[in-house]
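Chain by chain, the residues run as shown.
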Amino acid sequence: KAGVTQTPRYLIKTRGQQVTLSCSPISGHRSVSWYQQTPGQGLQFLFEYFSETQRNKGNFPGRFSGRQFSNSRSEMNVSTLELGDSALYLCASSRGRQAGDTEAFFGQGTRLTVV
Amino acid sequence: QKEVEQNSGPLSVPEGAIASLNCTYSDRGSQSFFWYRQYSGKSPELIMFIYSNGDKEDGRFTAQLNKASQYVSLLIRDSQPSDSATYLCAGVTGFQKLVFGTGTRLLVSP
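From first to last, the protein sequence lines are chains P and W.
Count the first sequence with my numbering and you get residues -1 to 113, in order.
Count the second sequence with my numbering and you get residues 1423 to 1532, in order.
To be clear, the hints were calculated from the coordinates, so they are not data collected in a lab.
Be careful, since some hints might not be right.
[Stated by the list, open to error] DSSO-like, lysine-lysine: derived pairs with alpha carbons at most 27 Å apart: (1) W:Lys1478 - W:Lys1424; (2) W:Lys1464 - W:Lys1424; (3) P:Lys11 - W:Lys1464; (4) P:Lys55 - W:Lys1464; (5) W:Lys1424 - P:Lys11; (6) W:Lys1424 - W:Lys1489; (7) W:Lys1478 - P:Lys55.
Please take these sequences and the hints and turn them into a complete structure.
See the structure below:
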């Protein structure tokens, strides 16, 4: 069974640009969550989608947005990139309708570097 | 106050010893807790989850939950150098968000 797939694995962007990251969940999983991981802050919750609806959102500025498609694949977008957006962006998928109903499995992440 | 707190470590234990990793949480509405292991440069992988008060054992790992004290722990018996990693505690808040602690770095020396 294929795991969670995130693309691309690595990205280098310049300040002011925008970026789109993609996540394909495990087959049969309908919930997708996104996290930002930095050395100082750890894993910070960005948002969660279930059946194409954003179910929850973390404390990030509006430059961070996401969506989920009917096949459960999800994308997140960051506009007007800042140096502080450099981080590992992780996507996790789970079967459950609610967070914590079932285990969440992570993809390998996208390492974003903003220069 | 962070919703899930962990000591960043590092926690150093000799091979074969018991490693005890601790986590506290602030939201009394939290019901589900997860322990993830993350090797350097890799993504987190699930080790265990626990929903009920008490202990849950899986091989060398035991998760403990005390809802009255708002405390979760992970015990690793017979620690091996390959257990050296960062261990992340996560809890589902009353707002249905999976919130992570910053992780505890474990070093197991041969």
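These are the hints, each one checked on the structure:
A C-alpha spacing of about 25 Å is found between lysine 1478 (chain W) and lysine 1424 (chain W), which places the hinted pair at or below 27 Å, so the restraint holds. Simply put, lysine 1464 (chain W) and lysine 1424 (chain W) have alpha-carbon atoms about 24 Å apart, close enough for the 27 Å limit, and the pair holds. Between the alpha carbons of lysine 11 (chain P) and lysine 1464 (chain W) the distance comes to roughly 22 Å, so the proposed pair stays at or under 27 Å and holds. For a cut-off of 27 Å, the pair hint linking lysine 55 (chain P) to lysine 1464 (chain W) stands: about 25 Å separates their Cα positions.
Taken as a hint, the lysine 1424 (chain W) and lysine 11 (chain P) pair is broken in the structure, with Cα atoms around 31 Å apart against an allowance of 27 Å. For the given pair, lysine 1424 (chain W) sits about 17 Å from lysine 1489 (chain W) by alpha-carbon distance, which is consistent with the 27 Å threshold. The suggested pairing of lysine 1478 (chain W) with lysine 55 (chain P) is violated, with an alpha-carbon distance near 31 Å, which exceeds 27 Å.
Violated hints for the displayed structure, listed by number in ascending order: 5, 7.
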